[in-house]
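Trainee: Go by the hints and put chain B onto chain A.
Just so you know, the protein sequences line up as chains A and B, in that order.
Count along the first sequence from 1, add 6, and you get the number used in our numbering.
Count along the second sequence from 1, add 663, and you get the number used in our numbering.
Simulated from the structure, these hints should not be mistaken for laboratory data.
One should not assume that every hint holds.
Simulated pairs of lysine-lysine, PhoX-like, Cα-Cα distance not exceeding 20 Å [unchecked claim]:
#, chain 1, residue 1, chain 2, residue 2
1, A, 9, B, 707
2, B, 741, B, 678
3, A, 9, B, 704
Fair warning: this is a prediction, and the values are worked out from it, not measured in the lab.
So you can see what is in the structure, the chains are spelled out below.
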Amino acid sequence: DAKTTQPNSMESNEEEPVHLPCNHSTISGTDYIHWYRQLPSQGPEYVIHGLTSNVNNRMASLAIAEDRKSSTLILHRATLRDAAVYYCILRRQGAQKLVFGQGTRLTINP
Amino acid sequence: EAGVTQFPSHSVIEKGQTVTLRCDPISGHDNLYWYRRVMGKEIKFLLHFVKESKQDESGMPNNRFLAERTGGTYSTLKVQPAELEDSGVYFCASSQVLAGGREQYFGPGTRLTVT
Chain A
7 DAKTTQPNSM
17 ESNEEEPVHL
27 PCNHSTISGT
37 DYIHWYRQLP
47 SQGPEYVIHG
57 LTSNVNNRMA
67 SLAIAEDRKS
77 STLILHRATL
87 RDAAVYYCIL
97 RRQGAQKLVF
107 GQGTRLTINP
Chain B
664 EAGVTQFPSH
674 SVIEKGQTVT
684 LRCDPISGHD
694 NLYWYRRVMG
704 KEIKFLLHFV
714 KESKQDESGM
724 PNNRFLAERT
734 GGTYSTLKVQ
744 PAELEDSGVY
754 FCASSQVLAG
764 GREQYFGPGT
774 RLTVT
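Chain A extracted, bound-state conformation (with noise of 0.2 Å):
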């Protein structure tokens, strides 16, 4: 499995947007990137997805690098709600099980 590599932590303030980087040099042709985050004592929740394309939906936006090899998540307006883990994940396309590395620890402050 093609590994990512994101901060320990990041901190940011209430309603501020909120841009959670990730590196993913080895990626292939036909990985999905996936962001998911834990909040406490939760289990983890989907987030957003991506292939090449940029991406929006309700919760998140997601920009993939030209390349490929980075990509951000972006949280527009955070709320003391989105403090969680959030996980940046690699999922081949057809492979059905989730690789979690350590994700980035976000902290908002109020």
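Mentor: Then chain B, alone, in the frame of chain A:
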């Protein structure tokens, strides 16, 4: 729509005892997965069912762990006999059978403590 449910939420057992964890996936989801996070480690995949069939057991740590999915509905994960290193949080997830990378829905987890 009800989400993935897991029972119990917390279990404390002694080393050598047996514990059975249960997972009820979202109705209509043919894919069911088990993951776990042991102390200080990352969340690790254990196995994957499609309906009642085991598709991938590559993450099962040893033969003390037995997973079943009777009738392709709920699933159980039995640990027998439990060891101290089995302590951790066990997550179940489910998803629909669709092509491409689609989301998995996770339950809240069962926290297992082996003393």
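Trainee: Please go over all the hints and tell whether each is borne out by the structure.
Mentor: So, going through the hints one by one against the coordinates:
1. A:9 <-> B:707: holds, 14 Å
2. B:741 <-> B:678: holds, 14 Å
3. A:9 <-> B:704: The given pair, whose Cα atoms are some 16 Å apart, holds under the 20 Å limit.
Of the hints listed earlier, there is not a single one the structure fails to meet.
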